[in-house]
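A.B. asks: One letter stands for each residue in the lines below.
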Amino acid sequence: MSEHIIQFDKVNKWYGNNFHVLRDIDLQVKTGERIVVCGPSGSGKSTLIRCINRLEEHQQGHLTVDGVELTDDVKAIDDVRKKVGMVFQQFNLFPHLTVLENLTLSPMWVGKMPKKEAEEKAMEQLKRVRIAEQAGKYPLQLSGGQQQRVAIARALCLKPKIMLFDEPTSALDPEMIKEVLDVMIEMASQGITMLCVTHEMGFAKAVADRVIFMDQGQIVEQNNPHDFFNNPQSERSRDFLSKILGH
Amino acid sequence: MSAQVFQTIPPRPAPIKVEGLVAWIRANLFGDLRTSLGTLAIGAVLLWIVPPLIQWLFINAVWVKNYETCHAALGACWGVIAEKYRIIIFGRYPFDEELRPLIATLLLMGLLVLSCMRLAWKPWLGALWVVVFAIFFTLMRGGVFGLTYVETSLWGGLPLTLLLASLSMTMAFPIALVIALGRRSNLPAIRSLCTVYVELIRGVPLISVLFMASFMFPLLMPQGFNIDVLIRVLAGITLFAAAYMAEVIRGGLQAVPKGQIEAAATLGLSYWQTQRKIVLPQALAMVVPGIMNNFISTFKDTSLVTIVSMYELTGSMGMALNSDANWRPFKIEGYLFIALIYFVFCFSMSRYSRWIEKQVNKSKQR
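Chains as they are written, first to last, in our numbering: chain A, 1 to 247; chain B, 1001 to 1366.
Some hints here could point you the wrong way.
Stated by the list, open to error - Think about it this way: if two alpha-carbon atoms lie no more than 30 Å apart in a straight line, the pair counts; the simulated DSSO-like pairs of lysine-lysine are:
hint : chain 1 : residue 1 : chain 2 : residue 2
1    : A       : Lys75     : A       : Lys112
2    : B       : Lys1277   : A       : Lys137
3    : A       : Lys115    : B       : Lys1300
4    : B       : Lys1258   : B       : Lys1364
5    : A       : Lys75     : A       : Lys116
6    : A       : Lys137    : A       : Lys112
7    : B       : Lys1364   : A       : Lys127
8    : A       : Lys115    : B       : Lys1358
To be verified - Covered stretches of chain B, going by a simulated chain A footprint (3 or more residues, C-beta under 8 Å):
hint : region
9    : 1095-1104
10   : 1253-1263
If you're looking for bench data, these hints aren't it; they were derived computationally from the structure.
Backbone N, C-alpha and C define an ideal beta-carbon position, used for all residues, glycine too.
Isolated chain B, as found in the complex:
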């Protein structure tokens, strides 16, 4: 046998993927007997469920604001939304002043959307938050510039949900950072303080935190001293969310290799420089999904403030229908409506989190 001569094989492009709908269906839905049977079974279930659902949702649905027609109809009664949407969205806020919460809500939503964009990640964003929240509170509360005074217990619906969610999330995050760092501190006093905080808060349900903030706190305070219930509830949600988020962040901190901290030490970086420049950027990048999980659950947890008589979105929904015997039977439609609102917010948050993950993982791409 003669000696083999080495020959370079020039690189070739990867085989072309079969494209097109038919090819895709054949490959993914009817690849072999088992997948074919699965496809057929799922198809049958969908055929069984979807048509009646569409009938109920749309075809037989009633769209007019007439409860008698609704009672007679076989489908959903969307008239209830048309009739009650103002109370659902704005709660007990005085009817004549509706423009105020509307503007406040739109401003706040605008701020939140803007804060998510890269072009807004500049120092002025913090100032903008202060300004927007000042306008928000002025509009909602009134008592100045000729606006009638509206006490916080009358605030409700979507503006209240957004206010509680956005403020508690933004305040919980820095607290969580400090607690997470504290739990890894070399100083035993700080470490145990942070551990006790996390364990105490995690050991009780949010409802009991809200009860304490709302009912017990005033009892413990001296006579005449009072903090608005909205602020107390906001503080309760913030402290609660911070404990959970701190543990997520701590998970990220622990995943940063020790060598990174050693390298930073040999370069002369101080503790805070090391945390800020080396540890936190890597730790937070790893826990984006977990933090977003916290954000989304905090957003939905705001619905619990109903039990301390604050009517945010879910609460106003219940109030709107319970107070009116004619429309009371159409709660399913009402809940579907607010479910849709919650879904839009939560789904946007989870899509946004995917984008953030991509941004922070740029350094890992080849």
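Isolated chain A, as found in the complex:
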């Protein structure tokens, strides 16, 4: 196996016939690498990471995740999804289940773990995201920041090798962003491979090994955070950075 856990090789994707959302994407992610993906809306950054666990399918090129190439093969998709956790902008917790049930669902039904063991492991994860005391509540009874931390704990219950974050703080009140970022920063220190779509530049500076800037379906520029923020190479990224940092 190569040292690259994720490998995009000339990946293309269209929505409908005319919207070319990913254009010749070439990207290699090393095991344990922490990547922040940014760019204007509609640039394809969410689609890019959603291809990694096949929530979106690519139409051309090759995409390999941890040695498994993603195709129409359902077994391969299942295989990959077991290794990839995901956190969504809108949390997507299951509102009819308690926090604890949200976490134990997959270990019990997919992993065939006994209930007691699943609950113990779930409580560990809840402690890790500092929300154990809310285990018996329903998601809608929690604040947005708490819900997102539950969502992170739920993804971690599967012991994923890769974590995908799709704008995890964009739906949060400003006061709650920090509590979620703190959890993510702590995760980053534990060696898990992370890809995060976000505009939290503070987070990017603090934990990212690499920042990828996308526009119109293409990777325009990628660099380490220090150089990307202080010395952007392309006109487009300079323009983008001035807009998000300038206010």
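We have chain A already, so just place chain B on it with the hints.
C.D. replies: Only chain B this time, still in chain A's reference frame:
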């Protein structure tokens, strides 16, 4: 101007609501000129309607089983119920064997009430249904254990209504689930099959489905092969109800956000696990009122089986009075009586649905 110092305001209880009858009447019935006029107008109409109604229903009513007194009276003739209730409730079932449908009906009602309770939602409930329906059919049909054989065409009244309603509802529900899921399937063959089913059934009235089940089906079958008409009619009502219910459930399925299915996919759940654990619980919780609507209308639609010569409650009522010239004029009383029976069942169902809604919406309470 000096700088303002921020001071915390301690929380106070909400203002006390004015209680008491007089306060309520003043607030709700005579709040302003328009509501006062409305109250007076409605009051006048009630004064005009209610006293004569009470006179007819109770004061001038005849309660004895004597049709001559009834003919002479100004009020309702409840004697007709006292005289005919056995035929109304049990139809053409042999008079001497009446205890059998009575026990069968009570057992079935007991089962239905029990099934509505939380304490009964255990795996044994399914087994209990099988047992109770086995006893029900044995009692009604006879031919074993020294019970005389009674053919299904003689079954009638309330036992038949309850049998048709409860069995068709319980069987229609799982069929409706499958059809609703099928209409959202990714497989074109399954999707079109389910769509065709729903559109075909919805395109015809229940009466024609019953006619086909009752009269046309035997013609299409080879000689000597026959299924009891009761079963055919039951299947007809079930398939009919399932098509409508499937659309109600599909409405619920569509209201579950796509993100829920995506989250389930990222957690590795299979299609059926996702449907069972994530999609259906949320979808069904949203369509409880619609499903109960289906149940209630199915319950009342069973009265249509009269046209294929099965005398359930409504049919037996008509039969009981039509066959007796002396009592024939008192149909209004007869219909009021069965209307009351239907109302008791339908109203209980709608109250029960409110309770279910509360149960399934617990997760949404703050």
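A.B. asks: Okay, which hints does this one fail, numbers in order?
C.D. replies: 3, 9
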